[in-house]
Amino acid sequence: MTQKSAAATPEHVAPQELPFPPLNRGWGWLAWFSTTDHKKIGILYIVTSLFFFGVGGIEALLIRIQLAAPNARVLTPAEYNAIFTMHGTTMIFLVVMPILIGLANFLVPLMVGARDVAFPRLNALGYWVFLLGGIVIYLALFTGSLANAGWFSYAPLSEYAFSSRPGMDYWIVGLIETGVGTIGAAVNLIVTTVRYRAPGMTWRRMPLFVWMMFITSLLILFALTPLNAGLIMLLGDRILHMHFFRANASGGSAILWQHIFWFFGHPEVYIMALPAFGIISEVIPVFSRKPIFGYNFVAGSGVAIGLLSFAVWVHHMFAVGLGVPLNAAFSGASMLIAVPTGVKIFNWSTTMFQGRIRLKTPLLFAAAFIIQFVIGGITGIMFAVVPIDWQLTDSYFVVAHFHYVLFGGTMFALWAGVYYWFPKFTGRLLHERLGKWHFWLAVIGFNMTFFVQHILGLIGMARRTYTYPNLPGYFALNLISTIGAFILAVSVLLFLWNLVWSFRKGEIAGDNPWDAWTLEWATTSPPPEHNFVRLPPVNSARPLFDLAHPEMADGISKRTEGHA
Amino acid sequence: MTRAGASGTTMNRHKIGMLFFIGSEIFFFLTLLSSYAYLSGAFGDLPRAVLAVPRTFVFSLFLFSSSLTIWMAERAFHRRRFGAFRGWMVLTILLGLTFLVGQAIEYTELIRTGVTLNYDVFGSAFFTLTGFHGLHVLTGLIMLSSLTGLSFAGKLGPENESALASIAYYWHFVDAVWVAVFSVVYLIFV
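As given, the protein sequences belong to chains A and B, one line each in that order. Going by numbering that gives the first Met the number 0, the first residue of the first sequence is number 0, and it counts up by one from there. Going by numbering that gives the first Met the number 0, the first residue of the second sequence is number 0, and it counts up by one from there.
If you are wondering where the hints come from, they were derived from the structure by calculation, not from laboratory data. Careful: at least some of the hints might be erroneous.
Taking beta-carbon pairs under 10 Å as the criterion, some of the chain A residues facing chain B (in silico) [as the list claims (entries may be wrong)]:
1) S216
2) A222
3) L223
4) F292
5) G293
6) V338
All C-beta atoms, glycine included, are put in the ideal place defined by N, C-alpha and C.
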């Protein structure tokens, strides 16, 4: 049925499958509260996460101000604990996850050529429940306390006996809510991908961003319910005086919390990394003017990562002392997961190799992503080696490692994606010169902040302590790190200014400003409420390329070379 | 269902969505089950002393058989025999309710003996695991009752087949979870 469906209209959805008509016509800005349009919900997610990015960023700056000099007293130890806990929680649950889900909400239906998502109302519910969770976590401020046991809230520190203030309870309830909302969003994305693809769009013609979001959504389904189960047990311990994780004579086990948390926590790393891989796999081919090198390997290695991510969680617990056999098994699995990740690095660099590179901001961010992510990945493999982990765990080396993955990796990929898709969202291009300033300041600021933290960790500086003595090297390296953080903050301000300025005055983009190949560029910018007027035929992974170059279409010649 | 897009599948969004949601729920119960097993070393002789295994088994049979009756209800629905459909649905609901009554009796007895949520780690693990299963049974009963009520009101037609099918998936899932919970709590770790 795929070949004959030339110029199919998006009528392929059977009538009884059509979602409910939107209930939000003519309400002005109030329509944002009642909308079930996946594009508007995507924008709600993104704007919310930008707000929390500001909050989490200010928290990061407070941490760096406190650590700028030895024996500083800007923050009290209690305030410092609360701020680094909220920084981690905010950045992971209220910034990275929602912005990825927001991008996916906007883009996945467009990329698969659907006129709407499978469950528009469930999707809206997911957003509002997520937002409620984010608000509840910060509502704790009115009780005069915030969660302060770190983002992984190890028991028994997170138990009532050691954290008796209500901030912890708000944190638990808020996270349960963001989890529930996120699961709703994931179910919607999965069914949209499985059921609502355009005629001709087989699994092997799906854009790689859709592939990665599909795997991510599965990880969300299977990782977030264990977290919620653990959070419910922790809440039970705290307010019903149950005994799950309490280290007392009743037989509870604090280590059980660690197992549950990291069974969620490691897939969570890939929930934040796989969509970034998807963005990079869209941006690099378009700006190298070549199809992705090894499409099947990019998709397949994503599946391998998804499966393996459930089998490596104990590498977060090597210091617990679970015994050699268990440590060895998880050490091996953790090294194994580096293989499919490494495969992708080769896919991206070979795609760029001999391509006709267009050095626009999206590609700059994508290239920086590859380099910084490789650094974070290599330190990650170092941590898979148990003795290295024992030496470096809970030091600043860990902080440097995961910031290279999550900031130098995911955040840079997100920036690549925002510069790439902003024209589709708004109809206007982001300002290129401001973008380049943003990029270079971000690269300098990021590497200045976090590279020196590798050294700080190696010479023994412990993470999560509110200050440090004036040991040799500590002051200078911490000061460099703090200055870097402020350069990074300036770059973020430029980015936000660019968003606001370009939204009003940016260059008009047109439907397809980058001359890209996937279906989201086959409609107007921004797309109409029902996404498409007409869909081009889908005979390959690059339908718009086929349309523009019928003589050398992918679907016919199977060419993988660049085209002149 | 003639033009199914590229997916080629004839399953509609409700059924696929429910199946993936159940997949997520499975991991929720796996976490509770493995926590129960993990903590069981500290239970001592308490489970053996306080759990009435044969009685719970009898009440379990009510839940297990409700999977059969909902299947009969679906069959009647497909044959457009809506009277029989309603009969099987009411029977399914009664079987589910009976199971919950059994759970209520068990809880009352345990609490009278002093084994509560916060008595010790067994109390915490037992009530959390069986309690969350009970909540899922209750959720299922609410959905089944809504469908049955709609049918009595004449507002459930063949076009609602997928609603019935996805709720039936959920009900089978709740049933299957109890097989695991019963095995772990009443057979393995007593």
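Any hints from earlier that this structure breaks? Give me their numbers in increasing order, please.
4, 5 and 6
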